[in-house]
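Visitor: Dock chain B against chain A, hints included.
Which chain is which? The protein sequence lines are A and B, in order.
If you read the first sequence in our numbering, its first letter stands for residue 1, the second for the next number, and so on.
If you read the second sequence in our numbering, its first letter stands for residue 1, the second for the next number, and so on.
Read the hints as simulated data drawn from the structure, not as lab findings.
Just so we're clear, the structure is a prediction, and the values are computed from it rather than from any experiment.
Watch out, some of these pointers could steer you wrong.
Subject to a maximum C-alpha distance of 25 Å in a straight line, what follows is the list of computed DSS-like cross-link-like pairs (lysine-lysine) [claimed, not checked]: (1) K68(B) with K96(A); (2) K286(A) with K369(A); (3) K56(A) with K172(B); (4) K101(A) with K68(B); (5) K286(A) with K191(A); (6) K168(A) with K253(A); (7) K191(A) with K253(A); (8) K292(A) with K191(A); (9) K327(A) with K81(A); (10) K176(A) with K378(A); (11) K253(A) with K172(B); (12) K68(A) with K346(A); (13) K227(A) with K369(A); (14) K227(A) with K68(B); (15) K227(A) with K247(A).
Covered stretches of chain B, going by a simulated chain A footprint (3 or more residues, C-beta under 8 Å) [stated by the list, open to error]: (16) 101-113; (17) 172-184; (18) 190-196; (19) 290-302.
The following label-pair restraints were derived from C-beta to C-beta distances [stated by the list, open to error]: (20) L154(B) with K247(A): 45 to 55 Å; (21) I63(B) with L284(A): 49 to 59 Å; (22) G352(A) with L49(B): 44 to 54 Å; (23) D45(A) with V169(B): 47 to 57 Å; (24) P166(B) with G150(A): 45 to 55 Å; (25) I187(A) with P166(B): 37 to 47 Å; (26) G151(B) with T79(A): 21 to 31 Å; (27) E261(A) with F188(B): 18 to 28 Å.
Note that beta-carbon positions come from the ideal geometry of N, C-alpha and C, so glycine has one too.
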Amino acid sequence: MRKTKRLTPIAVLGVLALSLAACGGGGSGGSSGAAAGGDAGNNLDGRGPITYVQGKDNSNVVRPLVDKWNAAHPDQKVTFKEQSDQADQQHDDLVKNFQAKNVNYDVVDVDVVWTAEFAAKSWLQPLKDKMSIDTSKMLPATVKTATYNGTLYAAPQTSDGGILYYRKDLVPTPPKTWDEMMSMCSIAKAKNMGCYAGQFAKYEGLTVNAAEAINTAGGTIVGPDGKPTVNTDQAKAGLNNLVKAYKDGNIPKEAITFQEEQGRQAFEAGKLLFLRNWPYVYNLAKTDGSSKVKSTFGIAPLPGMTADKPGASSLGGHNLAVSVYSKNKATAKDFLTFMTSEETEKFYATQGSLAPVLTALYDDAALVKQLPYLPVLKTALQNAVPRPVTPFYPAVTKAIQDNAYAAMQGQKPVDQALSDMQSAIQAAGSQ
Amino acid sequence: MSTEAQPRQAVKSGNPKGNKDANKEVGQDRKATTQGRVATLLVAPSLLLLAIVILYPVINAIIMSFQKDSGLDPATGLFVAGGFAGVSNYSHWILQQCSVAGASISCPPGTLGSQFWTAFGTTFFFTAVTVVLETIIGFWMAIIMARAFRGRSLLRASVLVPWAIPTAVTAKLWFFIFAFQGIANQLFGTSILWTGSEWPARWAIIIADVWKTTPFMALLILAGLQIIPEQVYEAARVDGASAWQRFTQITLPLVKPALMVAILFRTLDALRMYDLPAIMTGGSNNTTTLSILVVDQIRQGFNSAAALSTITFIVIFLVAFIFVRFLGANAVESTNPGGKEKEK
Chain A
1 MRKTKRLTPI AVLGVLALSL AACGGGGSGG SSGAAAGGDA GNNLDGRGPI TYVQGKDNSN
61 VVRPLVDKWN AAHPDQKVTF KEQSDQADQQ HDDLVKNFQA KNVNYDVVDV DVVWTAEFAA
121 KSWLQPLKDK MSIDTSKMLP ATVKTATYNG TLYAAPQTSD GGILYYRKDL VPTPPKTWDE
181 MMSMCSIAKA KNMGCYAGQF AKYEGLTVNA AEAINTAGGT IVGPDGKPTV NTDQAKAGLN
241 NLVKAYKDGN IPKEAITFQE EQGRQAFEAG KLLFLRNWPY VYNLAKTDGS SKVKSTFGIA
301 PLPGMTADKP GASSLGGHNL AVSVYSKNKA TAKDFLTFMT SEETEKFYAT QGSLAPVLTA
361 LYDDAALVKQ LPYLPVLKTA LQNAVPRPVT PFYPAVTKAI QDNAYAAMQG QKPVDQALSD
421 MQSAIQAAGS Q
Chain B
1 MSTEAQPRQA VKSGNPKGNK DANKEVGQDR KATTQGRVAT LLVAPSLLLL AIVILYPVIN
61 AIIMSFQKDS GLDPATGLFV AGGFAGVSNY SHWILQQCSV AGASISCPPG TLGSQFWTAF
121 GTTFFFTAVT VVLETIIGFW MAIIMARAFR GRSLLRASVL VPWAIPTAVT AKLWFFIFAF
181 QGIANQLFGT SILWTGSEWP ARWAIIIADV WKTTPFMALL ILAGLQIIPE QVYEAARVDG
241 ASAWQRFTQI TLPLVKPALM VAILFRTLDA LRMYDLPAIM TGGSNNTTTL SILVVDQIRQ
301 GFNSAAALST ITFIVIFLVA FIFVRFLGAN AVESTNPGGK EKEK
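Bound-form chain B, shown alone:
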């Protein structure tokens, strides 16, 4: 795209900067114009597709989130359209306000509205713990996989197996493992109610998630490790750097771009966690994540669910933004360092 942009600029020969390209011949200009048009036509389908697939649902959800859910007409007992809601759907979640007989009260326990901040906390708790564990274990696995030894490709392939299993299947597997009569309790001779009390339920989900997604993390980090040239390590060794120094001074800084992208992906993934808690605990014992809350709300009213998913969307967007802007996760910016200058 940016290569296309250069000739196109020339067409605007009257621009105040007095671009030196303005002295180009007419035929060149026309050619450039045609090229620009062709380029526009060529990218139009994909832009349109993106608009339909990404932009439309987002905007439609935002529009819906300002509509009231249909309520009962007390006279007929039938549903009537809710009309414009203002921001009441948002205040329902964020301030946990429920309306009862026209008055706003704090949502009583047992309503979805009362669970927003708990679900919010749970989601971030799961995200923080699983991503940290997965990064550490994944790094360790990646370092092992990066070494040259017999059967390396076999190991790499087998490490991927947990990740290749659909999450719903994984969840069901762990559900049986953590059942009261399940393998986990039999193996350790314990009688823990894994899915029936708060902290064991959380750890059960964390264990299942780490088991499932660490290979993904390991593979992304492995890709980062493999672009570090062996010579750098050799030079460091010659200079007398210890193994720890080589790790912190060479491996970590050089693998950082890949690592940040891996962490970004996992974080965004973990923030929308649904299958594991939904199947393993059904969201009981404070394991309800924001996504579970959205799905539960969909069955009770689309518009309020739209508000909740918009909130979730904004939260995830902010997290991604912080990652990209401040922590330097280079997943979306152009890899060409000169790219920014050219745009000016």
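One chain only, chain A, in its complex shape:
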């Protein structure tokens, strides 16, 4: 009783502080897109210094480009803000700053799978009318990753696609179809090695691989309206390919723990006949001291269902977007154009081994000489299907991973996995 009275002033102070803080917190915590509608129309002609935000610049490509831009535009200088090298942290950093309506995050680099989410939150400036950019020379699939609800929200900057690594000493011509590849597995068995592997551990890589299997078989995961469309015979055929291969042992059992690196190491150690992986493996497998396959591997597009149509690769890569809160959107747009120009894209490819989004560069002889995988990658990207473009991507990828993983482990039949996937994606979209 007495104690209570003695503490009253403090308690009042505390409550006051709390309610104040709660007001501040509630504002940002509960913020959503609708309120920001007006920001997209502001500052379209603004010119001046801007900031470019991107994850860690591992191969030092951004700084030279920013320096080049700054030399040409002394009154519209770009400051480069480097985030961490972890994708999750980059995502959370962007969310925080968009929620705080930070005017200093002018141009941001977003992963292809975040674009729809940020667009739906009204954080990204629609690239239309005054802000429109030319996408006609870009690979169509990359433009799709930057498009939400029929509006372009970002400029494709770099791309990435899956390709098939194979042992050309054991398989002279690479398989054109999945069935053909499976029939070659007897060669692997005779050599006592694994036949095929991709990324099958339960993480984003499994979404990529499951989506490729489903898309290659003609299935889709979500429709243009964002509603799930995965419970179909085509999707079943696709996922079943993976499930059956795993059950047969054509996909070795340890592959269920493989991410990119484990698969690469197994392939370089000569333990795999076929590997689905990204182009980065090419140089490593050629030059790694521990690589046993330096001169004995080749690359090909992913196998399809029929010989005339290669498999549908999922797309990696990043898009560039302008924040709706930016004060200098005219400068930002020019910078976007500069960063996706042919010259810049070439620099990205040569300096950072980042796959360009401009179709023409894939036929550039000098570039192909330096990056011999480009022609194969071009085929991959021309047949590529983006991972589901949905604002609920984290929930959708979880629905795909969990159910594909359970199906591969034989915990549930493929039918059940797909119908669960369908309902889980549906539940994600109507939170």
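Guide: Here is chain B on its own, set in the frame of chain A:
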């Protein structure tokens, strides 16, 4: 604080108890009042800091947990604020109800909502197994460390090494050890998918956790062992008590306060386990703990995540309460046995 309280009581001279201190002189009263005020001012900053750092996030999380996560406006395809949610965020987790097109259905596999009770069970399973193992091994290590022998301080320091390594680093180390081509399989000539099937994955995490936190347990128990006077053991020996009797009749009862605190700390720690399963298995094969579920949910919607972390908070609070109230873990009560009487 409690010493301050005594004079302050005297100020309320009109209190019905007719306190004998009421006859104090006026000057003393004023002095007491001033002292009380000074004391209030002096503790105010730390109380305010506690309120901001602890109370505010808790209350804000509770407020958020009653808000709906923003949903899509089907016409524009843009997010709109969700509004008041009632208890739907809580029923989403506890009853595993997901809403699809306005109707409530049981959450389909592949949603976070469907994983609440599995994660709940997994968390408690990990907690029970790791704490039991860590207590037993930790006790054993503490008894060895308590003996006097050459190189004792070297041993004590080296035992601490696993605990000094950041958990994320530990997790990555064990991730490589338990990889299919990793040391564990090479060493034992096995081909177990440590991170790819349910029970091996659980044991991999338990082994890593025990390796990492047993030293912490051992050190806390060692501190308890060292306050037991040697004479008690000598007297017992003279009375002819066997080693086992000395352990159960003397060591255990006397080390119990320290042991209970150590177990309490470890239990609370284990209930919020995140790094090890997150890095080693990514939560696959039923190794998703409540904390992993919270972090996954944060990327899908803050408000629902707030409800989940509030549930987790209440669960951990209840466990701590049971420990303190019924099992006599004396971590938070005053060590002065007379303290309670004085308050009356």
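Visitor: Does the structure break any of the earlier hints, and which numbers would those be?
Guide: 13, 15, 26
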